[in-house]
Every structure is written in C-alpha cells, then in structure tokens.
Amino acid sequence: MKLACVVHRFGADIAGGSESHCRLVAEHLAANHDVTILTTCAKDHVTWQNTYPAGVSQAGPLRVLRFPVDRPRSLHRFAEISEIVLAGRASPAEQEQWFVENGPRASDLIEYLRQHGAEFDRILFWAYRYYPTFFGLPLVADRALLVPTAEEDPLIRLPILGRFFALPRGYVFLTPEEAELIARRSEGPPAPFCIVGSGLDPALPMRGSGPPLAEPFLLYLGRIDPNKGCETLLRYFVRYQERGGPPVHLVMAGPANMEVPDHPLIERLGLVDDGARESLLSRASLLMVPSPFESLSLVLLEAWNYGVPALVNGRCSVLKGQALRANGALYYGRFDQFAACLDYLLTHPDVARQLGRQGLAYVDREYRWPQVMRKIGDFIAGCC
Amino acid sequence: MAGRQDVTDRAEPAVSVDALMRRLEGDLRNQLRRQLLDRGGAREYTDAELFALVEHVLRHAVEAREHDALLLPALMSDEDEWELQTHLRFSSHRPILGKLIVFLKRRVLLPVTRWLYEYSLENFRRQQRVNRVLFACLEELAIENARLRHDLERLTDKS
Numbered sequence: 011m012k013l014a015c016v017v018h019r020f021g022a023d024i025a026g027g028s029e030s031h032c033r034l035v036a037e038h039l040a041a042n043h044d045v046t047i048l049t050t051c052a053k054d055h056v057t058w059q060n061t062y063p064a065g066v067s068q069a070g071p072l073r074v075l076r077f078p079v080d081r082p083r084s085l086h087r088f089a090e091i092s093e094i095v096l097a098g099r100a101s102p103a104e105q106e107q108w109f110v111e112n113g114p115r116a117s118d119l120i121e122y123l124r125q126h127g128a129e130f131d132r133i134l135f136w137a138y139r140y141y142p143t144f145f146g147l148p149l150v151a152d153r154a155l156l157v158p159t160a161e162e163d164p165l166i167r168l169p170i171l172g173r174f175f176a177l178p179r180g181y182v183f184l185t186p187e188e189a190e191l192i193a194r195r196s197e198g199p200p201a202p203f204c205i206v207g208s209g210l211d212p213a214l215p216m217r218g219s220g221p222p223l224a225e226p227f228l229l230y231l232g233r234i235d236p237n238k239g240c241e242t243l244l245r246y247f248v249r250y251q252e253r254g255g256p257p258v259h260l261v262m263a264g265p266a267n268m269e270v271p272d273h274p275l276i277e278r279l280g281l282v283d284d285g286a287r288e289s290l291l292s293r294a295s296l297l298m299v300p301s302p303f304e305s306l307s308l309v310l311l312e313a314w315n316y317g318v319p320a321l322v323n324g325r326c327s328v329l330k331g332q333a334l335r336a337n338g339a340l341y342y343g344r345f346d347q348f349a350a351c352l353d354y355l356l357t358h359p360d361v362a363r364q365l366g367r368q369g370l371a372y373v374d375r376e377y378r379w380p381q382v383m384r385k386i387g388d389f390i391a392g393c394c
Numbered sequence: 630m631a632g633r634q635d636v637t638d639r640a641e642p643a644v645s646v647d648a649l650m651r652r653l654e655g656d657l658r659n660q661l662r663r664q665l666l667d668r669g670g671a672r673e674y675t676d677a678e679l680f681a682l683v684e685h686v687l688r689h690a691v692e693a694r695e696h697d698a699l700l701l702p703a704l705m706s707d708e709d710e711w712e713l714q715t716h717l718r719f720s721s722h723r724p725i726l727g728k729l730i731v732f733l734k735r736r737v738l739l740p741v742t743r744w745l746y747e748y749s750l751e752n753f754r755r756q757q758r759v760n761r762v763l764f765a766c767l768e769e770l771a772i773e774n775a776r777l778r779h780d781l782e783r784l785t786d787k788s
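Residue numbers (our numbering), protein chains in the order written: chain H, 11 to 394; chain W, 630 to 788.
Be careful, since some hints might not be right.
Per the computed footprint, the stretches of chain W lying under chain H, defined by three or more beta-carbons under 8 Å from a beta-carbon of chain H, are [claimed, not checked]:
#	region
1	643 to 652
2	655 to 667
Estimated spans, in silico, between C-beta atoms of each pair [said to hold, decoys possible]:
#	chain 1	residue 1	chain 2	residue 2	range
3	W	647	H	125	47 to 55 Å
4	H	194	W	779	33 to 41 Å
5	W	697	H	245	24 to 32 Å
None of these hints come from the bench; they were simulated from the model.
Here a beta-carbon is modelled for each residue, glycine too, at the ideal position from N, C-alpha and C.
The task is simple: from the sequences and hints, build the whole structure.
Next comes the structure, spelled out in structure tokens:
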C-alpha cells in the first residue's frame with residue numbers, strides 16, 4: 011500500500027512523544043509498505059523556526075517531504091488566544107484561530123494534501139492539536155486515519171472538535187481511555203479503530219554504572235514542569251519527608267522548566283543521555299509518574315521494561331488504566347493516598363518487586379513491536 | 630466507536646493492584662473517619678458503613694462526574710451573568726481611537742499589571758473548580774434523592 015504519515019515535526023533528533031511514535035511506527039510500516047512522511051521544516055516545538063531544508067530527503071526506508079513553516083509562532087498571540095479559548099466560551103472562529111496560532115502553519119503542506127492526497131491509499135495523521143492535522147485531515151478524510159494522542163486537558167473540550175473527530179475514516183488509539191475520550195467528544199457515528207500503544211524492544215543489559223546516587227531512590231524521568239505534575243510531586247514528597255517518611259531519595263532527571271526545591275533528599279540531574287537513563291531505570295526502586303494528562307505514558311512502559319514498579323497520578327485516567335491493566339503500579343489522587351502508597355511500597359519491597367515483574371510481563375504481552383505492528387498492519391489493511 | 634481490542638487470556642496476577650488499592654483506600658477511609666470524629670465531625674460517622682456510603686457519593690461527584698455536563702448550571706440563567714470570566718477581553722467603544730486604546734491596554738497596561746492578573750487568574754481557576762465540584766455534589770445528591778424517592782414509591786405501590 012502507498013501510505014503517508016503527516017506529523018508536525020520529524021527527525022531522529024526530535025524527542026517529542028507523538029513525533030517519536032510517528033517515526034517508529036512509520037519505520038516499521040516501511041517493511042511492508044511504501045511510506046512517505048509529510049512534515050514541516052520545523053525543529054523547535056516552541057517557535058517552529060524553519061531548520062531542516064524544504065524538499066525531498068530520505069530517512070532510512072522513509073521518503074520525507076518537508077514543507078516550510080509560513081511564520082514562526084507568535085508566543086504573545088498564542089498566549090492571548092489560549093486564554094480566551096481555554097476559558098471555555100470562545101466563538102467557533104476563535105477556536106479555529108487557536109489551531110492557526112498553535113501551528114506549525116505550513117500552507118504548502120496543506121496544498122500538497124489537497125492536490126496529491128488521492129495518490130495515497132491511507133494517510134495517517136498524528137496529534138490533532140497541530141495545524142497540519144487539524145487543517146489537513148478534512149481534505150483527505152475519506153482515507154485519513156487519525157492517531158489523536160488526545161489527553162484529558164482543557165483543549166479536548168473545544169466544541170468545534172466534535173465535528174472534527176467525526177471526520178476520519180478510522181482511528182489508531184494509544185489506550186482504551188483515549189478511545190473512550192474521543193468517542194465522548196465525537197459528534198459523528200462510531201468510526202472503526204484499533205488500540206496499539208507503542209512498541210518497545212527488550213531492555214538491554216546495563217551499560218556502564220551511570221551517575222553515582224544513594225540508593226534506594228525514587229525516580230522521576232522527563233521534563234520537570236508544573237504541567238507534568240512535578241509541582242505536586244515535589245510538594246507531596248517534601249511533605250512526606252516532613253511527616254517522618256523513610257529517608258528515601260527522589261531523583262529528578264530531565265530538563266527543568268521550574269524551580270526544584272533545595273532539599274537534602276532531592277537530587278537534580280538535569281538532562282541525561284540514553285546510557286544514564288538506562289542506568290537510572292535499572293537501579294530505581296520506584297518510578298514516579300505525576301502527570302495529570304497523558305495519552306500513553308511511555309516512561310511508565312520503559313520502567314516496566316526494566317521490571318521497575320511505579321506510583322502514578324490516579325487522577326489521570328490513562329495512568330490509572332495502565333496501572334490496573336498491568337498490575338504494575340499503585341496510584342494516588344490526594345496526599346494521604348500518595349503517602350500511604352509510598353509507605354506500603356517502601357516497606358513491602360517483595361510486593362513492589364512483584365508489581366515490577368507484572369509490569370514487565372504486561373509489556374512483553376502487549377507492547378513488543380511485532381504485536382504492535384501486527385495490530386496496526388491488520389487494521390490499515392482490513393478495517394477501512 | 631466500533632473497534633477491536635485484543636483481550637488476552639491470562640492467569641490471575643500474584644498481586645492485584647485493584648485489590649491492594651481497595652485495601653489501602655479502606656484503611657485511609659477509616660483513618661479519615663476517626664480524624665473527623667476526633668475533631669468534632671458529624672456523630673453519624675461513628676457508623677463506619679454509613680461513612681463509607683457518604684464518602685462514596687461525594688467521591689463519585691468529585692472524581693467520576695463530567696464537570697462540563699451538569700444539570701444545575703444548565704438550569705441557571707444566562708451563564709454570562711454568573712460564570713467566572715477568567716480571561717481578559719480588551720475592547721473600546723470609541724470608533725476612531727478604539728484600536729489605539731486597545732493596543733495600549735494590551736501592550737502597556739497588561740504587561741505592567743501582569744503579575745496581579747496571573748495571581749488573580751490562578752485563584753479564579755481554583756474557585757471555578759470548587760464551584761463545579763459543588764455543582765457536581767449537589768447533582769449527585771439530587772440523583773440519589775430521586776432514586777430513593779422512586780424506590781419508595783414503587784415499594785408503596787406494591788404494598
């Protein structure tokens with residue numbers, strides 16, 4: 011089949027969740043299909059500044075077609091429209107304007123889809139919130155499969171999305187919770203879908219020793235940002251220690267967009283490379299996932315891949331669902347639950363280890379590439 | 630949505646997260662009940678079963694209800710009259726100077742007072758969340774009441 015994958019940024023050096031998911035799925039699809047990536051020249055997810063050259067290039071088995079971004083994102087205009095739209099009562103025009111300001115606005119990419127969309131058997135679109143998907147998908151809806159990467163954040167409640175979510179020919183979801191969320195928001199008849207998540211290779215034996223750290227430690231891995239629930243995690247952890255919890259360290263590994271409190275039991279590592287990441291995951295007692303919004307937590311799957319149990323934010327239905335399906339993590343919604351779960355896991359290391367093993371078994375069962383690609387391949391070929 | 634989802638048969642896990650969480654939450658509920666009683670909370674809470682029912686109703690309202698789809702706000706008058714407006718809309722009624730005034734408000738006045746705006750915004754958002762939770766609690770109680778009334782009527786009819 012001739013397939014196109016539309017994504018707002020593309021490159022092996024781009025770390026975003028939906029971008030990585032698109033690249034990995036496309037690379038695996040290319041084993042059996044003719045796959046073209048339709049993307050922009052942007053690399054920076056804040057400004058969308060054109061960085062890659064426009065035109066055709068090859069990335070391994072993938073043909074990549076890049077289109078220039080019309081103008082960098084105006085953070086001022088974006089903040090202004092976000093305030094209006096996310097407050098809940100914006101007009102349809104204002105709601106649509108949000109997608110324009112969010113970008114990356116690439117008119118040539120949209121024009122390409124208009125003129126050449128019919129040349130592809132299926133066109134997969136990643137991430138509904140970005141310009142190429144929001145404005146491109148309606149032009150080729152009859153052959154469009156949407157990978158929405160939707161989260162339960164305020165954006166999903168925009169009324170104009172009801173019509174948009176009724177357009178795709180089919181859906182590729184990351185979790186059952188995401189499928190339910192879109193079903194609630196869509197105004198159209200039910201579209202066929204499959205739930206695939208993402209694939210993982212088995213964890214490699216640890217290379218090198220990684221950063222020297224006092225063990226045992228709890229690990230947070232990812233961008234340190236209030237939107238990722240880090241403010242709450244740090245507040246809860248400090249309060250837990252003040253209340254006389256066991257003196258366990260909390261290691262925060264990732265670039266920080268917020269202040270991390272100066273506390274003798276909190277270690278800040280900043281951005282870590284792949285080797286250090288593997289080392290941290292293989293040595294951690296527990297992974298902490300405090301994010302309130304997720305469409306699929308890849309870091310949670312990675313931790314399970316190393317047999318590490320987790321404590322996750324239960325207010326995020328995706329995280330709670332993952333924890334329950336895998337039997338690999340406990341979850342909290344309030345401080346007393348956080349403290350009780352942490353107390354239990356630290357004082358019952360045998361149970362914690364068993365949760366980690368169950369998490370690994372879940373990853374083996376559901377998230378290895380052959381299983382994932384079989385599901386998505388069957389869906390693309392058969393259901394639409 | 631009409632879709633397919635693989636269901637894999639598998640053995641019972643050695644540790645069930647669902648069962649473990651129910652046990653931990655049960656312990657926390659008892660702890661909370663005792664704390665409330667110690668601090669002079671409702672005497673009805675000496676009955677642990679009753680407390681669990683109350684907690685269940687309120688928790689369902691807070692966690693499970695869709696706070697954007699509630700009956701009470703829909704029954705109230707025009708939402709513009711009561712809903713907290715958390716964003717700023719700059720406008721001017723002056724036909725000629727209007728654009729300049731809006732520009733000055735947005736580019737000069739707002740940056741200077743931004744700290745105050747952001748401080749208030751966060752508090753407005755919190756208040757909005759509390760309002761929605763309270764609406765949801767009222768709705769949950771109203772549903773509970775209607776259900777009981779319905780059951781009572783049925784039982785009265787039978788007898």
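We went through each hint and held it up to the structure:
Chain H is given as covering the region 643 to 652 of chain W, and this holds because 7 residues of the stretch bring a CB closer than 8 Å to a CB of that chain, at least three being needed. A count of 4 residues in the region 655 to 667 of chain W with a Cβ less than 8 Å from any Cβ of chain H is obtained; the coverage claim is therefore met, three being the minimum. Between residue 647 of chain W and residue 125 of chain H, the C-beta spacing of about 52 Å keeps the proposed range 47 to 55 Å intact. Taking 33 to 41 Å as the suggested C-beta distance range, the pair residue 194 of chain H and residue 779 of chain W does not conform, at roughly 27 Å.
Remark: the range hint 24 to 32 Å for residue 697 of chain W to residue 245 of chain H is upheld by a beta-carbon distance near 27 Å.
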